[in-house]
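J.: Residues 1 to 236 (this note's numbering) are what the sequence shown spells out, left to right.
Hints are computed from structural coordinates only; laboratory data are not their basis. Possibly wrong hints are sitting among the right ones.
Said to hold, decoys possible - Distance condition first, Cα-Cα at most 25 Å in a straight line; then the derived DSS-like pairs of lysine-lysine:
no.	residue 1	residue 2
1	Lys-178	Lys-189
2	Lys-178	Lys-155
3	Lys-78	Lys-192
4	Lys-31	Lys-68
5	Lys-31	Lys-100
6	Lys-81	Lys-43
7	Lys-31	Lys-189
8	Lys-167	Lys-78
9	Lys-178	Lys-166
10	Lys-57	Lys-43
11	Lys-167	Lys-68
12	Lys-100	Lys-43
13	Lys-28	Lys-100
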Amino acid sequence: MSDLTIFSVATDRYLNFWEDLIRSSMGKMDKTLEIQWLVCTNKPNEISQDIRDYLGKNLVIREIAGEKWPFPTLLRYKYLKDSSDAISGELLMHLDADMKIESGISVANLTAMVGNSGLGFVSHPGYYRPNGVSRGLFYLQNPIFILRDFKFFLKFGALGAWENNKKSKAYIKRSLRKNYVCGGIWIGKTEKILSMCRELDSNIQLDLANGLIATYHDESHLNAFISGQRYSISLP
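Build out the structure end to end from the sequences listed, making use of the hints.
T.: Right, dumping it as structure tokens:
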């Protein structure tokens, strides 16, 4: 049993990015954390030996098909759900393969991210705006965003790239569109994350059966899932 499982999808050239992610973590992780790294890739035999040696028994590789875009990202919930038997972490985190770890991961910041709800998300850095007086100051200092944000409010009802196709399972009504989160990172208690993945994969499969793909793929479905509910949402 490990404290944390970190999951990524790394197909084709993204395998190189994932290896850079692993290298960026070296020497930056809380040494009291037992971390399992789970990667889904179509090139399992191309994982570098230094990465294999560094991670050792904490590396779990699941081979998946080399799908065309956007399926590697759209199907991430399915890949994780289908890998549930390999997960040993009490907490489960998703990281995009092309991310890097700058300041490390500790027990304290994991606990803060998950919060009381058992699921934690991060506000999308492209759409996050401060509240109150700070928001006014933000627009005064960055006037280029005034017209841009106004257009988003007209189109979507809130900041964020929300799904506007009512036929898609990723669609939610405007009154529920509050805080748009990024799909590149999320974390939670393992069973809660797996439950979320089962629901989102079911929604995506229903869309696909109807010939639909949400505009922003897995991120669109994630934002529909969390909207109108109380979860821990960290600043970008």
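J.: Run the distance test for Lys-31 versus Lys-100: straight-line Cα separation, threshold 25 Å.
T.: With Cα atoms ~18 Å apart, Lys-31 and Lys-100 stay inside 25 Å; holds.
J.: Are Lys-81 and Lys-43 close enough, with their CA atoms no more than 25 Å apart?
T.: Holds, at about 20 Å.
J.: Can you confirm whether the C-alpha distance between Lys-78 and Lys-192 stays at or below 25 Å?
T.: holds, 15 Å
J.: Next pair to validate is Lys-57 with Lys-43; report whether the Cα-Cα distance is within 25 Å.
T.: holds, 19 Å
J.: Is the hinted pair Lys-178 and Lys-155 satisfied, with a Cα-Cα distance of at most 25 Å?
T.: Since the Cα atoms of Lys-178 and Lys-155 sit roughly 14 Å apart, the hinted pair holds (cutoff 25 Å).
J.: Just to be careful, I want the Cα atoms of Lys-28 and Lys-100 compared with a cutoff of 25 Å; is the pair within it?
T.: holds, 11 Å
J.: Is the Cα-Cα distance between Lys-100 and Lys-43 25 Å or less?
T.: Holds. Lys-100 to Lys-43 sits at ~21 Å (cutoff 25 Å).
J.: Is Lys-31 within 25 Å of Lys-189, Cα to Cα?
T.: Holds, because 20 Å separates the two Cα atoms, which is no more than 25 Å.
J.: Tell me if the straight-line CA distance from Lys-178 to Lys-166 falls inside 25 Å.
T.: holds, 18 Å
J.: Checking one constraint from the list: CA of Lys-31 to CA of Lys-68, max 25 Å. Satisfied?
T.: Violated, at about 38 Å.
J.: Does the structure keep Lys-178 and Lys-189 at a Cα separation of 25 Å or less?
T.: Holds, because 24 Å separates the two Cα atoms, which is no more than 25 Å.
J.: Assess, step by step, whether the Cα of Lys-167 is no farther than 25 Å from the Cα of Lys-68, and give holds or violated.
T.: Satisfied, since the Cα-Cα distance of roughly 23 Å is no more than 25 Å.
Violation of the numbered hints given earlier is confined to hint 4; every other hint is satisfied by the structure.
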